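*Asks:* Line by line, the protein sequences give chains A and B.
Heads up, the first sequence is in full-length UniProt numbering, so the first residue is 1 and it goes up one at a time.
Heads up, the second sequence is in full-length UniProt numbering, so the first residue is 1 and it goes up one at a time.
Worth flagging that the hints you see were computed from the coordinates, not collected in a lab.
Watch out, some of these pointers could steer you wrong.
Pair ranges (Cβ atoms, derived) [unchecked claim]: (1) B:304 / A:20: 36 to 42 Å; (2) A:73 / B:184: 24 to 30 Å; (3) B:303 / A:28: 36 to 42 Å.
Chain B regions said to be covered by chain A (calculated; three or more residues, Cβ under 8 Å) [what the hints assert, rightly or not]: (4) 81-87; (5) 230-242; (6) 270-276; (7) 281-289; (8) 539-546.
Computed from a predicted structure; not experimentally measured.
C-beta: ideal position from N, C-alpha, C; glycine also.
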Amino acid sequence: MRKIDKKEADAYFRARVILITSCLAIGFIVSYLVVFLAESLLNFSFNGFPLSYYMGAQGAVITFILLLFANAIISDKLDAKFGLAKKTNQEMDTGNTLNQ
Amino acid sequence: MDTQFLVSLALIVATFGLYIGIAIFNKAKETSDFYVANRSVSSVYNGMAIGADWMSAASFIGMAGTIMILGYDGLAYIMGWTGGYLLLTFLIAPQLRKYGRYTVPEFIGDRYQSDVARLIAALATIIISFTYSIGQLSGSGVVIGRLLEVNTATGTMIGVVLIAFYSALGGMKGITWTQVAQYVILITAYLIPVIFMSLQLTNNPIPWLSYGEIVGQLQDLDKQLGVSEYVVPFTEATKWQFLALLFTLMAGTAGLPHVIGRFFTVPTMKAARWSGAWALLFIGLLYLSAPAYAAFSRFILMTKVAGSSINNLPAWTSSWVDTGQLSVADQNGDGILQWTELIISKDIVVMATPEIADLGIFVIGLMAAGAMAAALSTAGGLMISISAALSHDIYFRSINPNASDKKRLSVGRWSIIIATVVAGLVALNPPGAITQIVAWAFALASGSFFPALVLGVWWKRSNGPGVIAGMLTGLTVTLAYIFAAKYGGFTILGIIDTGAGVFGATSAIITNIIVSLATQAPPQKIQDEVIDLRYPEQITYKNGEVWIDESKNA
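Just need the whole structure built from these sequences, with the hints factored in.
*Replies:* This is the structure we're talking about:
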């Protein structure tokens with residue numbers, strides 16, 4: 001165990017919050033905002049679909065999947081940048097579990 | 001028909017044998033196996049297990065049909081049920097994993113230091129999971145019954161015995177690996193027919209790319225017939241209802257205890273994030289295909305069935321007319337079946353596809369095995385969360401905290417057997433209220449669990465009185481709005497009962513905040529624990545100091 005500066009931990013958390021907020025904002029735009037504007041997007045078409053239908057049936061879901069993989073990859077990089085998880089943290093368990 | 005029977009029977013027996021074999025091989029030896037699969041499941045497998053846990057008999061059989069019937073308005077289910085994983089993976093699951101408890105009620109009880117909150121959460125888990133499981137069991141009864149030519153009640157009991165056996169034996173550990181197998185079976189069964197249908201209609205084997213062309217043709221057909229257009233939004237309900245339903249489905253998904261429980265089976269926060277990503281990819285394969293099924297089926301029904309002479313309908317229609325899933329009546333007596341004279345049940349779309357596309361007996365049997373896998377995997381996940389609420393949250397944490405591991409394991413096993421049998425008996429003759437409650441499960445979860453979990457993870461000032469008041473207010477507002485909208489004719493902006501979660505969640509969050517601020521702040525230890533959830537496992541936050549444990553990097 002080694003003590004680190006609280007500022008360093010705060011910087012880690014700030015980076016996580018920015019990542020989470022941006023991903024959720026993108027997720028919000030491709031679902032709620034597109035639905036809100038659905039009538040006006042009806043006349044645009046994409047791959048044979050009206051754009052509003054395409055976004056509901058495929059575009060939003062594909063965006064969600066990409067956001068989750070982006071989050072997993074960026075978070076791993078973030079952990080590495082802050083000196084965590086040099087190899088892998090697959091095998092460990094947390095100290096504060098009630099696993100008895 | 002005899003060959004069909006034998007092929008289907010062989011496929012069902014083979015898959016059942018596989019599930020039982022997996023459970024025997026993965027017998028739970030201690031409570032950590034039984035509740036959280038010893039926290040050793042890898043992200044990809046957990047993603048598959050989450051997919052099978054999540055996708056129910058209704059998703060497998062009914063979702064494509066719902067989208068076909070509702071048109072654009074049905075897409076709220078596609079976006080809502082996938083978007084929930086965004087909220088879950090960003091805001092709730094990894095943090096709950098770091099907190100390190102066995103169940104969602106246990107997290108709520110310990111984070112808020114309240115036995116009352118834990119018991120309310122345990123009770124809500126049992127009610128939601130129990131009603132949800134009845135739909136799975138009666139669904140599996142219908143499939144086994146039709147297939148083995150026994151009555152539905154016998155079919156249901158076969159499903160009950162199977163689930164009770166393998167989940168009691170293997171617990172979460174056994175269920176995890178059966179769910180992985182069930183995911184593979186259900187997704188194979190779902191994709192094969194839609195790929196062949198895509199080939200037949202568009203000469204393109206990739207349905208996700210090819211059905212846009214069919215949707216375009218449907219637009220023209222709708223215009224010619226002058227019927228309500230497939231792709232035009234908000235024909236069934238208002239835009240506000242669509243948005244409210246979308247929110248309710250997302251927040252409800254993020255708050256359902258049996259889904260969150262699966263995130264407790266992985267070793268780390270990192271693995272929880274990857275699990276969420278894999279899970280949504282695996283779930284997306286089915287949810288992206290459902291609208292393709294819907295478009296293809298509607299196209300076939302509009303071009304090959306409607307417009308035909310009533311005496312000369314395609315052969316596959318007759319068996320579905322017999323089951324009551326399809327109704328054809330030449331109401332105007334002109335000898336031709338018009339589109340408006342067809343009445344289609346939503347369940348026909350997926351299950352009739354192998355016959356429509358003439359894919360042969362193996363695929364028909366595979367569809368049955370896939371539908372069974374979807375029903376059994378969801379029921380298994382629900383049963384383990386009921387059992388955990390009973391045996392861990394109520395028995396161990398409230399009644400007998402000194403119970404030995406062996407005793408707890410046996411209480412867990414018995415509660416899973418009893419819960420499955422009771423759910424099975426109710427499923428023999430399900431009260432009409434059950435379907436209603438299932439439709440409301442998401443509204444109830446978004447009014448109770450979702451606010452309690454999000455505030456518990458992200459706001460350290462939230463306390464016991466706040467969460468109790470919040471959950472009770474959320475449930476009351478949700479139920480009051482559901483009944484007012486359903487039976488009292490009262491609606492706001494055209495939002496009906498299924499969108500009630502938006503009001504429940506808002507009122508629960510506001511109440512939690514006001515009551516928390518008006519009462520004493522949680523002790524420093526709890527506030528430190530909440531701050532600790534901001535960081536990965538290697539970092540520990542205590543008394544304003546941050547410690548890093550590099551030995552955990554190894």
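*Asks:* Please go over all the hints and tell whether each is borne out by the structure.
*Replies:* So, going through the hints one by one against the coordinates:
no. : hint                     : result
1   : B:304 / A:20: 36 to 42 Å : violated, 49 Å
2   : A:73 / B:184: 24 to 30 Å : holds, 25 Å
3   : B:303 / A:28: 36 to 42 Å : holds, 39 Å
4   : 81-87                    : holds (count 5)
5   : 230-242                  : holds (count 6)
6   : 270-276                  : holds (count 5)
7   : 281-289                  : holds (count 4)
8   : 539-546                  : holds (count 6)
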